[in-house]
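Chain B is already provided as a structure; the job is to place chain D on it using the hints.
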Amino acid sequence: MKKNSDNFVTLRHLSTGEIATIRQLKGDVVTKQRLMALGIIRGQKISLDIQAPLGDPRIYSIMGYRLSIRNEDADNILISQQ
Amino acid sequence: MDTQKKITLGLVGNPNCGKTTLLNKLTNSKANVGNYPRVTVAIQSRHLRYGDQEIELVDLPGIYSLTAQTPEEGIGRNYINSEAADIVVNILDASNLERSMFLSTQLLEMRRPTIFVLNMIDEARRNKIKIDTKALSSMLGGPVIEFNALQGEGRAEFLQAVEAMTNNPGQFSPVTIRYDAHLEDAIERVQALIRALHQEKMNDRQCRWLAIKLLEGDDALLRQEQDHAHLLEMVRRERYDLARDHNDSCEMLFADARYGFIHGLLSEAVQRETLPIGYRDFTRRLDAILLHRYFGIPIFVLFLWVMFETTFNLGVYPTSWIENFVAWVSASVDPLLPAGQIHDLIIDGVLAGVGGTIVFLPNIVILFFFMALFSETGYLTRAAFLMDRLMHTFGLHGKALIPLVIGFGCNVPAVMATRTIESDRSRLITILINPFMLCTARLPVFILFAGAFFQEYAGTVVFLMYMSSIVIAMGAAVLLNHLFARNDKEPFVMELPPYRIPTLRAVLIQMVDKALDFLSKISSVILVGSTVIWFLQAYPKDIVWSVNYPEQIATMEALPDSPQKATDLADLRRQQKQEALAKSYLGQIAKTVSPVFAPLDFTWKDTVAILTGFVAKEVVVASYAVIYSQDESSTEESMSLRQALGKSMSPLVAVAFMFFALLYSPCLATIATIQREAGGWKWAGFSVAFSLILAWSLSFTIIQAGHFFV
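As they're listed, the protein sequences go chains B and D.
Just so you know, the first sequence maps onto residues 1 to 82 in our numbering.
Just so you know, the second sequence maps onto residues 1 to 710 in our numbering.
If you're looking for bench data, these hints aren't it; they were derived computationally from the structure.
From a predicted model like this one, the values you see are computed outputs, not experimental measurements.
Some hints here could point you the wrong way.
Listed next, the stretches of chain B that the computed footprint assigns to chain D, with coverage defined by at least 3 CB atoms under 8 angstroms from CB atoms of chain D [to be verified]:
#, stretch
1, 31-39
2, 43-57
3, 65-71
Derived pair list, reagent style BS3-like, types lysine-lysine, alpha-carbon separation capped at 30 angstroms [as the list claims (entries may be wrong)]:
#, chain 1, residue 1, chain 2, residue 2
4, D, Lys541, D, Lys583
5, D, Lys128, B, Lys45
6, D, Lys647, B, Lys45
7, B, Lys45, B, Lys26
8, D, Lys6, D, Lys130
9, D, Lys647, D, Lys583
Just so it is clear, CB atoms sit at the ideal spot from N, CA and C, and this is done for glycine as well.
Isolated chain B (complex conformation) (with noise of 0.2 angstroms):
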């Protein structure tokens, strides 16, 4: 497989209701697996639902679902957006 990071954000520039696919994740393994338990694996895909009052965490669609990310968090997230 070949990558190339250059073309991928991390999910806080995502915007309310644009629909991104995840790419990458970085981190350590506990980061990575805490994320991945809940559904943020390559390939799926993840959209803004809301912002909260001071932007930060976030609330995200994903899986059926909905999950709040803190934005620091969100910066281990690669996303490439259609």
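The following block gives chain D in isolation, referenced to the frame of chain B:
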């Protein structure tokens, strides 16, 4: 089948999968029996009779996976691995199968007899999700039961499945998840070495499981195997090779394979209608209001206000009933007991101590009614979401907000409410800073002092104490954050379940649970504590009086009645009481300890108040009343007590004392709660020491700064 043997079921599932509701339905909400000790929350188990069969249901904490990255996961994993449960029950959210089954793939690998329960099947049907349970069952290698915990649908099928599995354990065999060839080769090699190393202790299933976990980079298991250097070296090399060949990390390869397995399973067994784009269900519409960028926080504050108003206003009535009841018991018992030590112990020690604490019961029950409502509906996670950014500034979790706010009422239910915080570290910090929140028990102290020393600004002073308590709690959070190594780099990810209407039963069960918790605490710690304090202030009895009180009193009583006689007699009795206190063990201890408080300019009398306040902070006021020879019925409103106090210390010392009283040591009930909730006396002790040091340092600073400027 041996019908006398008890069957143990271990219930595993994601948070929010409706496990508790299901458990309530299965056991007809029988009271909890066993309490398994654990780190954060006690693992509870309930019993159920099915025919002649005794069934024990062990409620394991809600988890998303079995990686042991969180204490909850570790507990779940160790429990299943220990084979203490005859059957593992995996509870799945039927409308959320894809994610829920990630946990199932890991359970399957542990190869224990497993029953899968599709919970909240009604919700799935409403969402037009069709599940072929027969197909699912044959693919998973275990029974799959549709369950609707609200109506009790599936209860009979579930129990039949348990019976069938018990009678015929070989009937079901969990499917083996196959990974791609490279991974399987690596697993095989690692497994072979493990088998050689652990020949006696591990069977084949445990070997394969351990091999997979090690290859996934499981910290806890890598530590467990640290004596086998060549095994760790082999794992390290295999992980490196796999990552290089696949251009991806090992844990991702395993996760991909697991979700791949789930995907294959669900594409065959589940049909779901795709929802129209932009479809907004009830939850999303409600969230648009409750999580609104501008209105979200004001709405939350409004909810909190309603909660407090109700708790403390509505609580007034049952509280006064209890007060009256305690007074009635006290009055009825009074004449029954012959005057003497037993009488005083029961009336002044036990009944006063227990009665003084039990009055908080209504407040606690009402607070927990709201807490149950917030958590059962799913609003609590929304509140945590709204406040997370602010709380994060102080190194706290968004969910820490609720316990801190409850702390203004009473620290006991507040510490219990930290159970909603998953991260152990974050939860511990929240528990430890909670006693700094100014609870209603400390309010009488501040009302008394503010009235005595800052009459014109009394209201402002009390308000400033509230503000100080928030600032100090937040400061302590920052301090503890630096103090405790940040070992869990666990990201803040929180599921937002759909809004659900809570069942009355679930809410009631939570309230009753909390009430019983509280009562059991009173019957242990408070009972012992108030008995000890009573003994300390009532003994020794052979005091060498400076004045012969009994004789003087006798002489005076012989005089003809006059208003002067009554006053003198009362004065004399007060003097005797005061001397008795000074020469009691409590007085002696206070005099021994008072050098510690000398730098703070506190006298031995203040020390007595501080010492008795360890039981409960309200006792501080009662002690001052005794010390300054007032009637014990003196309250914070009492004018003469204020005057007496006002003359005894300078306003500067009063400020120092107020801060000391705000911060020093949680009360006994809170200490007992911390011990239970934080996991041991170590943390209860830490909390006491930490708060004492903080209280002393701050009071000392105030006194020194005061001396410098004044």
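Checked hints:
1. 31-39: holds (count 9)
2. 43-57: holds (count 9)
3. 65-71: holds (count 6)
4. D:Lys541 x D:Lys583: Distance ~10 angstroms between lysine 541 (chain D) and lysine 583 (chain D) Cα, so the pair holds.
5. D:Lys128 x B:Lys45: Given that 30 angstroms is the threshold and the Cα spacing comes to 21 angstroms, the pair holds.
6. D:Lys647 x B:Lys45: violated (72 angstroms)
7. B:Lys45 x B:Lys26: holds (17 angstroms)
8. D:Lys6 x D:Lys130: Between lysine 6 (chain D) and lysine 130 (chain D) the Cα gap is close to 36 angstroms, so the pair fails against 30 angstroms, i.e. violated.
9. D:Lys647 x D:Lys583: With Cα atoms ~23 angstroms apart, lysine 647 (chain D) and lysine 583 (chain D) stay inside 30 angstroms; holds.
Figure legend: structure checked against the earlier numbered hints; hints not met, in rising order: 6 and 8.
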